[in-house]
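Engineer: Below are the chains, spelled out letter by letter.
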Amino acid sequence: MPLLSRATLALTVAVAIAAPPLAAQRVTPNAYAITNARIVPVAGPAIDKGTLVIRDGIIVAVGATVTAPADARLVDGAGLTIYPGLIDAYSTLGLRAAPPSGGGGGGGGGGGGAPPARPAGAPNSRQPIGLQPEVRAIDQLVDRSDFTAAHGAGITTALTAPQGRVYEGQSALITLRSDDFAAMAVRPTVALHIGFQGIGGAYPGSLMGVFAALRQSLIDAQHYREEMVAYTKAPRSAKRPEYDPSLEALQPVIAGTMPVVFRANTQREIERALDLAKEFKLKAMIGGGLESYLVADRLKAENVPVLLSANFPRRTVAPAADAEPEALRVLRERVQAPKTPGQLKAAGVRFVLQAGGNHADFVANLRRAVASGLSADDALRATTLGSAELFGVADRLGSIEVGKIANLTVVKGTDLFAADARVSSVWVHGRPQTVAAPAAVTAARPAGPAGQRPGLEGTWQMQVQLEGSERIVTLALRDRDGWLSGTIEGDLGASDVVNLVVEESGEIAFSTTVTTKEGTDEAWFRGRLANGVFSGTISITGQARGLFAGLRQQASSTNREDR
Amino acid sequence: MLTTKFRASLAVAALALTTGFMPAAAQQAPRRVPSMLIKNATVITVTKGTLQNTDVLLENGKIARIAQNIAAPAGAEVYDGTGKFVMPGIIDPHSHGMSDATNEGTLSVTSMVRITDVLNPTAVNGHRSLAGGVTMINILHGSANTIGGQSATLKLKVGRPIGEMLPAGAPAGIKFALGENVTRKSQNAVPGGPPRRYPATRMGQAEVLRDAFTRTRAYKADWDEYRARMAARPAPTTLVAPRRDLELEPLVEVLDGKRFVHAHGYRADEMVMLLELAKEFGFTVRTLQHALEAYKIAPEILAAGASVSVFADSWSYKLEAFDAIPFNAAITVHTGVRTTINSDSDERIRRLNIDAAELMRYGGLTEQEALETITINGAWQLGMEQRTGSLEVGKDADIGIWTAHPFSVYARVERTIVDGETFFDRQQDAANRAVRAAERAELEKAEPNTVPSPRGAPSGPSRPAAPTGENR
Chain L
164 MPLLSRATLA LTVAVAIAAP PLAAQRVTPN AYAITNARIV PVAGPAIDKG
214 TLVIRDGIIV AVGATVTAPA DARLVDGAGL TIYPGLIDAY STLGLRAAPP
264 SGGGGGGGGG GGGAPPARPA GAPNSRQPIG LQPEVRAIDQ LVDRSDFTAA
314 HGAGITTALT APQGRVYEGQ SALITLRSDD FAAMAVRPTV ALHIGFQGIG
364 GAYPGSLMGV FAALRQSLID AQHYREEMVA YTKAPRSAKR PEYDPSLEAL
414 QPVIAGTMPV VFRANTQREI ERALDLAKEF KLKAMIGGGL ESYLVADRLK
464 AENVPVLLSA NFPRRTVAPA ADAEPEALRV LRERVQAPKT PGQLKAAGVR
514 FVLQAGGNHA DFVANLRRAV ASGLSADDAL RATTLGSAEL FGVADRLGSI
564 EVGKIANLTV VKGTDLFAAD ARVSSVWVHG RPQTVAAPAA VTAARPAGPA
614 GQRPGLEGTW QMQVQLEGSE RIVTLALRDR DGWLSGTIEG DLGASDVVNL
664 VVEESGEIAF STTVTTKEGT DEAWFRGRLA NGVFSGTISI TGQARGLFAG
714 LRQQASSTNR EDR
Chain P
1208 MLTTKFRASL AVAALALTTG FMPAAAQQAP RRVPSMLIKN ATVITVTKGT
1258 LQNTDVLLEN GKIARIAQNI AAPAGAEVYD GTGKFVMPGI IDPHSHGMSD
1308 ATNEGTLSVT SMVRITDVLN PTAVNGHRSL AGGVTMINIL HGSANTIGGQ
1358 SATLKLKVGR PIGEMLPAGA PAGIKFALGE NVTRKSQNAV PGGPPRRYPA
1408 TRMGQAEVLR DAFTRTRAYK ADWDEYRARM AARPAPTTLV APRRDLELEP
1458 LVEVLDGKRF VHAHGYRADE MVMLLELAKE FGFTVRTLQH ALEAYKIAPE
1508 ILAAGASVSV FADSWSYKLE AFDAIPFNAA ITVHTGVRTT INSDSDERIR
1558 RLNIDAAELM RYGGLTEQEA LETITINGAW QLGMEQRTGS LEVGKDADIG
1608 IWTAHPFSVY ARVERTIVDG ETFFDRQQDA ANRAVRAAER AELEKAEPNT
1658 VPSPRGAPSG PSRPAAPTGE NR
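Protein sequences, first through last, are from chains L and P. All residue numbers for the first sequence refer to our numbering, where the first residue is 164 and numbers rise by one. All residue numbers for the second sequence refer to our numbering, where the first residue is 1208 and numbers rise by one.
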């Protein structure tokens, strides 16, 4: 049997990818054998030099003494280490067009751009978009353009979820393969995802309203269940309850059979999520988990796993000389974040890792977690078998074992967590995939996965005209996996920015508490970013609408341009 | 000068800051409050007179003794109160602090929303309020709509879990609002923008209230009927309970007298409208908030069993505020209406003592009457007068220690104690600044706070993509 030369293999793969699916099926072999490779099965001890045989997308043999079958294409794995394909435990992969490339500016001047393509609503829903639990990611997979970057980070599998507002929709566990979208699903519905952004312009518009709306809909779902049970028992004597797709979709949620992922980063967001889950006996998970280490005891006691973002925050732009100093907690947060995985592990909290939309830095971030106290074994588990177990697919994915789907991450070198190791290929359903180089500059953080339109991250010096007088405030916005949060400080008091949403129209709205001479009240800022100026109106109950305009305080150039 | 114990706690604080990790035991174990003995102070009890050269003993979060020459129990912190003034913690019946949201203004009736869902236990305004000697606040929903959300009575145990800040057994509350903030007369409608939310007039506000309570009565009747049918023996097996309505449930509590109404209003006519409507539906308004024209209807307010919570001297900041007078509080007090001064502001909340002192200047309230407007009267308005609002044995140890009489403009708070624990200490606050500065310097040096140098040459080609790694 001829040993395929590397060049030939590359050519074959290139053909397979370029050709239409039907043709690809004809020219692509069904069986591969990767020989002489170091194999880390996760489910068992590492094999220093072994062979892995794939047939029809499934691992059919693995071991030190396995012989490659006669019809298999051979791949020389010398110098390579094979891992189970990494799983991104929380993403929007496949769900929308990639954000327009912002260039090196990252959070810099640019802004604007097309509004984010949020998932379409469910047809015939009685609820507005953002309150529809029946929305399913699997029905909305449309776009493969960000798979390449994910592959570059060794990611072969992902939980993908629509994002935005309150009931964000149901996630799917997909493999990042190149054939039709529906076939990507390993589990078409995994969890219901909940965020805490009001739906804007209508009830619920505020964070308070979000919780009231969630609570009422869960109570309605319980009531719907009771009515349905009564009606099923005696259809002729009970009033026929009308079919409601939203309440129907909540049935597995209130029964505790479908988990709920709450997108929560701060301690109080996490605690609010846990409180709601407790109130309705929901099977909760926390997505994001930036401050989960502060809630570790409760997470452990209540057996709530964390889909922890490995998109560790870091300073990307040098502060201008005259800039307000950054909040202490922001500085702390950056130092703390890589330590969190290790601390959660030590505290006995179940967690898995997600890329937080930042695939370019994913592997580097895993290394930072390992350098900050997480063992390499635990890091690997949290990106492979741990996620597979959590999402109920451990019988199919997550480790290198006979019978499992052949999703593999291949690393040049002996250790994924070594500084010089790099992902050399990934295999999805037994087929090798294109691997792109990671993006060149860490500082140019790509847009996150969510609908938040970046370009706003940073510190803004804002002039606010309110009731005939002028105030100066500093608005500091941070990007957390594509969602903005922050603080406002200055002539209007000090407060957190909450409920920041980017409307379909590109309009940016958020609320915050302000203090004027008339007292403390809530203010809604609503504006647009154009030509580097963030401007719009400010509304306070009982006061005439005011105006604001802000300029970025920090130098928008990165060091890269400064040099 | 720092005591050894204090140094140790500073070190622990610094450690906690750098690791960001709270020891598990500290969060879980039931909190043991150490005893404290304040010696030889001027003690303003509010309800039992002002006592010179008196000691106050705090044990287990309560006021254990008020007397002269109390011997310090073992382990108690002894505080030399010579020259200091000890008064009950100030109560602010109208605040929007410590909260991540204020208004759910999208609907005319939002009784289903709760301030307790959005509390921020570490908000900086909590710390600043403590620095003004405040220990308890009533966090109200905003005034954007006629029936707003459910309020929260909060003890300012800043930094503690929210559960510890909400005093057990505190009566529930809800915000109503009347007048221009609801009709949004002060905001121009945007051409082509969304239509104004109903109601646009005070007539409409009365209608919203009447409609809401009419619906509430029907809802209550549905549940009463269901419960009556379920009480029959044998109980029906196919009967499904009525749908729970989170909007109407709190209004049932209002009708049942289990939830206090705190109603924002300015003008006499709108307040009278509400008091009469409440009478019609059989509930009592607990407080009229702001109530700038209360002086015009003080006897009516008294007869309705309501109270008022007003500003000391804010007026003319909007059309409906033009008839405000600085003698408002004095008139309601003299009429016998329970009266408080509130802040409605994260800024004014730091100096409610001075606002109360102004009532002596305008209208000639006695020192005693003025003190009551920021202590025991507020406790009553929140249904907490048995627990706090004055210095009495057995009450919660909610206390401010001042450097001078709190009505002096030179008075500063040295310590603020909530449930027997110190939550603000001027000396510690100053010391913490040095700790924080050192921490900042340390953090600035940490790798994630430095700006990374770009990988590879800035303009060089990035590594070409490879279909598989093997062909290299």
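Calculated directly from the structure, the hints in this document are not laboratory data. Misleading hints may appear alongside valid ones.
[To be verified] Straight-line Cα separation of at most 27 Å, BS3-like style, residue types lysine-lysine; simulated pairs:
#1 402(L) / 1525(P)
#2 1525(P) / 1465(P)
#3 680(L) / 1525(P)
[Said to hold, decoys possible] Reference listing, derived: stretches of chain L covered by chain P, where coverage requires no fewer than 3 residues with Cβ under 8 Å from a Cβ of chain P:
#4 469-483
#5 553-563
We treat Cβ as the ideally placed atom computed from N, Cα and C, and that holds for glycine.
Engineer: Now tell me if each hint is right for this structure.
Structural biologist: Results for each hint:
no.	hint	result
1	402(L) / 1525(P)	violated, 53 Å
2	1525(P) / 1465(P)	violated, 34 Å
3	680(L) / 1525(P)	holds, 12 Å
4	469-483	holds (count 7)
5	553-563	violated (count 0)
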